[in-house]
Structures are given as structure tokens and as C-alpha cells.
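Asker: As you go down the protein sequences, you meet chains A and B in turn. When you line the first sequence up against the working numbering, it's residues 1 to 149, in that order. When you line the second sequence up against the working numbering, it's residues 1 to 255, in that order.
Bear in mind the hints are in silico, worked out from the structure with no lab data behind them. Mixed in with the good hints there might be a few duds.
Among chain A residues calculated to face chain B with C-beta under 8 Å, some are [said to hold, decoys possible]:
no. : residue
1   : L17
2   : T18
3   : H21
4   : R22
5   : R29
6   : D95
7   : Y96
8   : P132
9   : F143
All values reported here derive from a predicted model rather than from experimental measurement. For every residue, glycine included, the Cβ atom is placed at its ideal position computed from N, Cα and C.
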Amino acid sequence: MAAPELSHPLPSTRKRLTPAHRWWWKFQRISGVVLVVLLFAHLFYNLVLGDGVNQIDFAFVAGKWAAPLWKWWAFALLVLAMLHGMNGMSYLVGDYARSQRTRRFLNALLGAATAVIVVLGTLVIFTFDPCPQGADASLLPSFCAEVGK
Amino acid sequence: MTAVEEVPTELGGVAVMQVTLRIKRMNPEGTGDHAPGEDYWEEFHLEAHATDRVLDALHKIKWEQDGTLAFRRSCAHGVCGSDAMRINARNRLACKTLLKDLNPAKPILVEPIVGLPVEKDLIVDMEPFFASYRKIMPFLMPAGPAPERERLQTPAQRERFDDTTKCILCAACTTACPVFWTDGQYFGPQAIVGAHRFIFDSRDEGQWDRLEILNDTAGVWKCRTAFNCTEACPRGIEVTKAISEIKHALNTGEI
Chain A
1 MAAPELSHPL PSTRKRLTPA HRWWWKFQRI SGVVLVVLLF AHLFYNLVLG DGVNQIDFAF
61 VAGKWAAPLW KWWAFALLVL AMLHGMNGMS YLVGDYARSQ RTRRFLNALL GAATAVIVVL
121 GTLVIFTFDP CPQGADASLL PSFCAEVGK
Chain B
1 MTAVEEVPTE LGGVAVMQVT LRIKRMNPEG TGDHAPGEDY WEEFHLEAHA TDRVLDALHK
61 IKWEQDGTLA FRRSCAHGVC GSDAMRINAR NRLACKTLLK DLNPAKPILV EPIVGLPVEK
121 DLIVDMEPFF ASYRKIMPFL MPAGPAPERE RLQTPAQRER FDDTTKCILC AACTTACPVF
181 WTDGQYFGPQ AIVGAHRFIF DSRDEGQWDR LEILNDTAGV WKCRTAFNCT EACPRGIEVT
241 KAISEIKHAL NTGEI
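Extracted from the complex, chain B is given alone in its bound form:
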């Protein structure tokens, strides 16, 4: 609200501000000034409203200044998880980050998320991330024949894994994890969150298969409880807590 008050506006109007975006770019085919695959920073100056998000600024750049800027986005409302990027050195969703909350007086740094191969500009190859997710078998594994009606559970049983159902697979947590950056084998926090969602679901019977996978070399024992994942999650999932609950289940044998 402070940014709105500082700038004189018409009654009911929205404050206008000048922002600078410094974007880390890479073109695999190279440009006039830059070799193929070379990283470089490029600055864009634009006029933005106090209600604009980083994604709006990126759109404005792409539509009005430089059409070659590449980034992913789909729903633009924090649900699809396509536009996770590193904004001012923190992983966030571009569509959930207001420019006015980022100190627009200084250039706003926008980089691709770290630890996954960059394909172009802000687009990274998500395949290693999804491969880890597939390894923990992210689907319901019920025992016995399919019932004729839905599988019931109590509100308390549903509450047990509610937090981890919020995951949108944006990769903000995994690419904020220092162990994931250096260790190519680690599944990363997201895969563990994905496993947590099924391990603690009363309808699922595959918990020990998943725990077996997470007990292995690439699993939960790699976690150093740095809490970067919990800080990065745009959905507010308590990621480190979920990982610790899985460690606890493995240590005690109780779910």
C-alpha cells in the first residue's frame, strides 16, 4: 500500500512507476553480440502499474520491446506452476510476485531457476525434475479390487496429507535446494512432497514401496534441513516438515 500512497494519482487511479528488469538471457543459437549458449544480462526499462506482477512486466517486454524473450507461463494465476523463476535471488512464481513488493527503485533481477539445464532465456529443461517425480510413483496404489463407490476417508485422515496436496510441480523448491544444485542424484524436495501426499493417504497401500525408494541413495537422507525449499514454496507447503515426517516414518517404521 505504501507505494500507492507515495505516487500522486488520480482519484481511483492506479499508481504508475518506472521499473528496470535485468534479465539473465541465453540463446542456444546465438545472437549478433553473443555466442550460442552464452549467458548474458540484459536490462529493460518500462512503465508499470502498482498492480502489475513480474509476469506482466515480462509480457510487456516480450510484446512491446523484444519478442525473442522466452519464458514459460500458462494460467498466469499461480495454479499451473509454469513460471517459477529466480527473482531477486529468490525462487518465486512471476505471476504471484508484485513489482511494487520488490523495491522497484533498483533493477529487478530475473533469472531461470538454478540446477536444471537452461534451454533458452528463462526456460529450463524440466525433464530431470519430472523424472524424479515419476520415480516415487505419484499415483494411487490401492489394495484389493476397485470398490463400487468412492473410497471413503475421515476428515482427519484427509487432513493428514492435506498440506502436500497443494503442490503444483513448479520446481521452485527443488531448484532452491543446495543439495540438488551440487548432487545430481538427489530426488529433490518436490519428489519427496509428492511421495508424502500418497504415503500418508489412508486409501493408498503403496507406502512401503515409496519409502523404500526414498530410503535409497538419492532419497531423504540427503536432506540437510536447509529450509530453502520451505521458504521457496509459492504454495506455502511446509516442505522440510514433510521430509522430516518421512525420515521419522523410516526411523520408527510407523506411518
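Okay, chain A solo, but in the shape it has when bound:
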């Protein structure tokens, strides 16, 4: 049996320490911790405070999103959860998709799905109208009457 070939100790073309894998690895851990805080505060506010699960209707969500804090809270939840989930799924693709082509295709699909959901979700959060015209006033948050619609 021939001796295995050894490559030259120093690579001829020096690559920079590409940060992509490292960055995603860090992101996955940091976003995981942040998501736990965001999610449990969200669940506590919706399900434990006030009347609990019975309070959730259009008026409750509309009233909540009248405050910028909760808008940004929902936005952070959306973006972090989608990116965290996308990266986790792409780890699975890396593990189980054998060929380079399948891997590229699945990752592209994953990226596209994430982008669509993040864009749609962001639109919903920031263009949300709490007092749609012509709606039954009893279903709307209380401040709609004061706005005078």
C-alpha cells in the first residue's frame, strides 16, 4: 500500500477566517436565550395577566399593538424566531442532504420561505389598523370611539 499523500504544511492561498459559520453558531445561541425571554413575557402578558385566555380577541390585540413597545416586541419575536428556525433547519439540511445541488435547493427554499414570512409579518405589525372603518364598535378597542371614527 502506497503511503498517503501529505499536503504542504502551509496552504498556498491564505483564506481569511470567514465569519459566516461562527456568526450563525453565535446567533443561534444568543437568539435562543433572547427568544425564551421574549416568548415567556408574551405568554405571561396574554394568558396570565387580566382575564387570561378569554381576553384574547381583536380588541385585545389591537389595544396591545397601540403601544410601540408591543409592536417592536412582536417584531423581535417574529424575526428572531424565523431566523433561529431557519438556521436550525439549514443545519438539518447540511446533515441529511447528500448532494451539493439538493443542499443548495433546500437552503434557497428555506431562505425564500423565511423572507416571505418575515416581510408579510412585518407588514401586518406596522400597517395594522386597530379601528377599521365600518366595523362593529363592540368588537373594537375602547379608544376607537375617542379617535372619532
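Given chain A, put chain B in place with the hints provided.
Answerer: Showing chain B alone in chain A's frame:
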């Protein structure tokens, strides 16, 4: 010790027990009953002593029952790293595993290590494993001209990488790694242990070349800290800790 006490023995004698080994076999040329390349389980019954290891049982089978049984072994004392195999669903060295510690009342399962192509019976092709090891450049890369005497280091500097010098390249860790099983690209824990041994050696100057390789697609970021490697290592190397130290060095830029 309990197994010795349960079985009546002569004074100073060694307990004798009946064991069954169920071995996963494969013959690339096929046998009378099995197609070429087909996996099948075969049972062997034998008499063994309480002091016998799995390797002794395999020897007994090969020498007295079935000469076609193929397995690797060399030193038979846990140093050469040739006889790593999956015994009762855990990667171990056959020469360091006593039969009496495996519950001999039940058949003992012996399989080749997982994730490398099987050549015959318990022998796998180790080349993909060694190829990963070669990629991390497992040799000293000193800076400057060779000194006239040995390169000195303090006991503390030696202690820094002592754990990873124990590696015997048996592949028990790499073939216990779930990422290695599914992802053909991942270097596997052993190559990272091999790199750790040089990266944290004060005499070596090639650390950033190695870290660059381990920072790449097939490197340390694939590790999910499953701890299978640490559990599998027959030398007791803290493999997952070594991998984490390399992640830390890459994250902080400090060695």
C-alpha cells in the same frame, strides 16, 4: 468482582461462564447462505473466563469455531487503537472490555463501528477517518531554524494540551458522533482532538493555519455538543471540552 463470587470456583481459580456473542458480519465475496456485501447476525456460544475480554472471545471464535471471522487487533492492550468496535451499542475497544462487565447472561452484540464503509465483518475502511486527520496537519510546525537542543516548555505549558496527547486514533469518538454519521463532510471529533494537541502546544506556530481549517464548513461549527465522543473515548479524553476550547479560541481570537 460480583461475577466471580456468584460462580463456585476452586480456591484461586478463575470463574468460568458461558457467553453468547452475536456478531454482525458481512462478506464482500458472499457465503453459501448470504449474498456478497449482505449484513447478517451470527451467534457464537463459548466458554469464557471472568478475566476474559471481548477480544479474547473473538480470538476463541476465530481460532476454534470460525476462521473466517475478520477483525483488526494489534497490541491487544489498549494502546494501538486497532480494535474499536460497537459492543452492546457503545463504541469500545474489544481489548479493554471485560465480558463479565457486559452482562454475559444476555447475548453480547458486536458490530463494526458506524459511519465508515465496512470491508469485512468487523473491519472498516479507516481511510476517510485518516484523511480528516491529515487535513488538520498533525505534525509540529515550528517557526525559525531548528534549535541545537530540544525545544523547552514549562510543565504548565505541557499540561495545557496533555489530555489530547492521549489519543490513539481508534476512531471510537468519530464513529459515535451523530453529525459524522449523517454528514459526510464533517471532520469528526478525532481530527479536532488531533488539532487541539498542536494548537495549544507552545512549541507549535501553525495554530492559525489549523484554526482556519477548523473554522471552515467541515470544522468545529458542525459540532452539536452531543457528548457521544466524550462517552466513547476509551482513553478518557474530554473530547467535547477540547472542541469547545477550539470554538472559544475562534470566537475570542485568543489561544
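Asker: Does each hint hold? Answer for all of them.
Answerer: Structure-based check of each hint:
1. L17: holds, 5 Å
2. T18: holds, 7 Å
3. H21: holds, 4 Å
4. R22: Holds, because the Cβ-Cβ distance from A/R22 to chain B comes to roughly 6 Å (cut-off 8 Å).
5. R29: Hint violated; A/R29 Cβ to chain B Cβ min 11 Å, cut 8 Å.
6. D95: Nearest chain B Cβ about 4 Å off; hint holds.
7. Y96: At about 6 Å, which falls below the 8 Å cut-off, the nearest Cβ of chain B leaves the hint on A/Y96 intact, so it holds.
8. P132: violated, 47 Å
9. F143: At 48 Å from the nearest chain B Cβ, A/F143 fails the 8 Å test, so the hint is violated.
In the structure shown, a violation is registered for the earlier hints numbered 5, 8, 9, in ascending order.
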